[in-house]
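If you read the sequences in order, they're chains A and B. Numbering (my numbering) for the first sequence: 157 to 354. Numbering (my numbering) for the second sequence: 157 to 354.
Keep in mind that a hint or two might mislead.
Unchecked claim - Cβ-to-Cβ under 10 Å is the rule here; a few derived chain B residues that face chain A:
id	residue
1	Ser271
2	Gly276
3	Leu292
4	Pro303
5	Thr311
6	Leu316
7	Met319
8	Arg320
9	Arg324
10	Glu326
11	Pro327
12	Ala329
13	Arg346
14	Leu348
15	Leu352
As the list claims (entries may be wrong) - In silico negatives: residues of chain B with every beta carbon more than 12 Å from chain A:
id	residue
16	Ala204
17	Asp226
18	Thr249
19	Ala261
20	Gly310
If you are wondering where the hints come from, they were derived from the structure by calculation, not from laboratory data. Don't be surprised by glycine CBs; every beta carbon is placed ideally from N, CA and C.
Number of protein chains: 2
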Amino acid sequence: MARRTGRRPGNPDTREAILAAARAAFAERGFDATSIRAIATAAAVDPALVHHYFGTKEELFRATVAIPVDPAELLPAVLAAGPDGAGERLVRTFLAVWDSPTGVAAVALLRSAVSNEWTGRLLREFLVTQVLRRVLDRLDLDPAERPLRGALVGTQMIGLAMMRYVLRLEPVASADPEALVAAVGPTVQRYLTGDLRG
Amino acid sequence: MARRTGRRPGNPDTREAILAAARAAFAERGFDATSIRAIATAAAVDPALVHHYFGTKEELFRATVAIPVDPAELLPAVLAAGPDGAGERLVRTFLAVWDSPTGVAAVALLRSAVSNEWTGRLLREFLVTQVLRRVLDRLDLDPAERPLRGALVGTQMIGLAMMRYVLRLEPVASADPEALVAAVGPTVQRYLTGDLRG
Numbered sequence: 157m158a159r160r161t162g163r164r165p166g167n168p169d170t171r172e173a174i175l176a177a178a179r180a181a182f183a184e185r186g187f188d189a190t191s192i193r194a195i196a197t198a199a200a201v202d203p204a205l206v207h208h209y210f211g212t213k214e215e216l217f218r219a220t221v222a223i224p225v226d227p228a229e230l231l232p233a234v235l236a237a238g239p240d241g242a243g244e245r246l247v248r249t250f251l252a253v254w255d256s257p258t259g260v261a262a263v264a265l266l267r268s269a270v271s272n273e274w275t276g277r278l279l280r281e282f283l284v285t286q287v288l289r290r291v292l293d294r295l296d297l298d299p300a301e302r303p304l305r306g307a308l309v310g311t312q313m314i315g316l317a318m319m320r321y322v323l324r325l326e327p328v329a330s331a332d333p334e335a336l337v338a339a340v341g342p343t344v345q346r347y348l349t350g351d352l353r354g
Numbered sequence: 157m158a159r160r161t162g163r164r165p166g167n168p169d170t171r172e173a174i175l176a177a178a179r180a181a182f183a184e185r186g187f188d189a190t191s192i193r194a195i196a197t198a199a200a201v202d203p204a205l206v207h208h209y210f211g212t213k214e215e216l217f218r219a220t221v222a223i224p225v226d227p228a229e230l231l232p233a234v235l236a237a238g239p240d241g242a243g244e245r246l247v248r249t250f251l252a253v254w255d256s257p258t259g260v261a262a263v264a265l266l267r268s269a270v271s272n273e274w275t276g277r278l279l280r281e282f283l284v285t286q287v288l289r290r291v292l293d294r295l296d297l298d299p300a301e302r303p304l305r306g307a308l309v310g311t312q313m314i315g316l317a318m319m320r321y322v323l324r325l326e327p328v329a330s331a332d333p334e335a336l337v338a339a340v341g342p343t344v345q346r347y348l349t350g351d352l353r354g
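If we strip away everything but chain A, and leave its shape as in the complex, we get (with noise of 0.2 Å):
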């Protein structure tokens, strides 16, 4: 535990407002512009206090859309046996995730962030800077077309969850999660690393 600084330490009322600060503020002007010094200033608390409630800025934000998986464990395995199957691997671990008892959470998020514009930029927000940013950073790819990429592989896993778990369209919704991988992994490579001018 880091040792307890700045004002106020310990009340719950200073937590939230620590929350509702960082969530205006990465809603409003994103992940990579916002710092924890303007979430300190915005919620009258010392940024000391900031860390030591929520860690880095990457657990902060992660704790402003309630996302209990951290991508920074899980990609580096999917990745690290490099572009080939990489899309697959993807898939594989997307599932295993919104498979598991901490899917519920993400459908709830997928539902809030449809509803709600600020959780809707939040959660773009997450897609880019803490998913999809981390994929093509270690895939050997030309930089400028990563965020068309990111976006179409963002197209594909956000369609898969939606027709899963929140419209539950059969088959999807009850395939074998490999049979998902077989046939979605293909497209999530492609995006990845193929040609995309058709």
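Mind docking chain B on chain A? Use the hints.
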């Protein structure tokens, strides 16, 4: 105009009562198992009045989900040229509808389908019976494979709509439609006619 028949003609409450009964029936039992007669009984009106207000069962169904385009009109042109390039043509037609003023209603429906269980069921029924079935029945495919192929097409299309119109992830949100046709068309083509076993 068809002649007016049945009870309470011209009453807006009657129209709403029919729509409410239709929504409940389509969401609970699905499109195929729902008859105009059952909807009329639930709404306490004559079946002829249902036809008078809403036309065919397909048209009534579209009214319950507030979908302003008719897949039965749009899809034949997409599919007439045969399976080659059907994926690209499907994506092009999809984007043309969603990019048009009509798309606002489509986005509203998608948002509502995510937050409301019944609207979600209606959208799923619409996709399966009015869009995917029409597409798959025209292509010379193994009937056993059609449901999975249709659902996979659905994952990519819904995901494209989510990223372009709801979460507005760049560069997909403002990409030229033809760039997306080139990037996403081959995915849809593979789901329609390609090998899905990896």
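Leu292/B was flagged as interface toward chain A. Is the shortest Cβ-Cβ separation under 10 Å? 13 Å, violated
12 Å cut-off, C-beta based - Gly310/B kept clear of every residue in chain A: At roughly 6 Å from the nearest Cβ of chain A, Gly310/B sits no farther out than 12 Å, so the non-interface label is violated.
Status of the hint placing Glu326/B at chain A (closest C-beta pair under 10 Å): Hint holds; Glu326/B Cβ to chain A Cβ min 7 Å, cut 10 Å.
Would you assess whether Ala261/B, listed as outside the interface, keeps its beta-carbon beyond 12 Å of every beta-carbon in chain A? The claim stands: Ala261/B keeps its Cβ more than 12 Å from every Cβ of chain A (closest is about 16 Å).
Under 10 Å, Cβ to Cβ, is where Leu348/B needs to be relative to chain A, so tell me if that hint holds or is violated. 12 Å, violated
For the hint on Met319/B, does the least C-beta distance to chain A fall short of 10 Å? 5 Å, holds
When the nearest CB of chain A is found for Arg346/B, is that gap smaller than 10 Å? Given a least distance of 7 Å, the restraint on Arg346/B holds.
Does the CB of Thr311/B sit less than 10 Å away from some CB of chain A? 4 Å, holds
Beyond 12 Å from every chain A Cβ - status for Thr249/B: 16 Å, holds
Satisfaction of the Leu316/B interface hint, Cβ to chain A closer than 10 Å: 5 Å, holds
Does the nearest C-beta of chain A fall within a distance shorter than 10 Å of the C-beta of Leu352/B? Leu352/B check passes; min Cβ-Cβ to chain A is 4 Å, inside 10 Å.
Using Cβ atoms and 12 Å as the threshold, tell me whether Ala204/B really stays out of contact range of chain A. 34 Å, holds
The structure fails hints 3, 14 and 20 (numbered hints given earlier, in ascending order).
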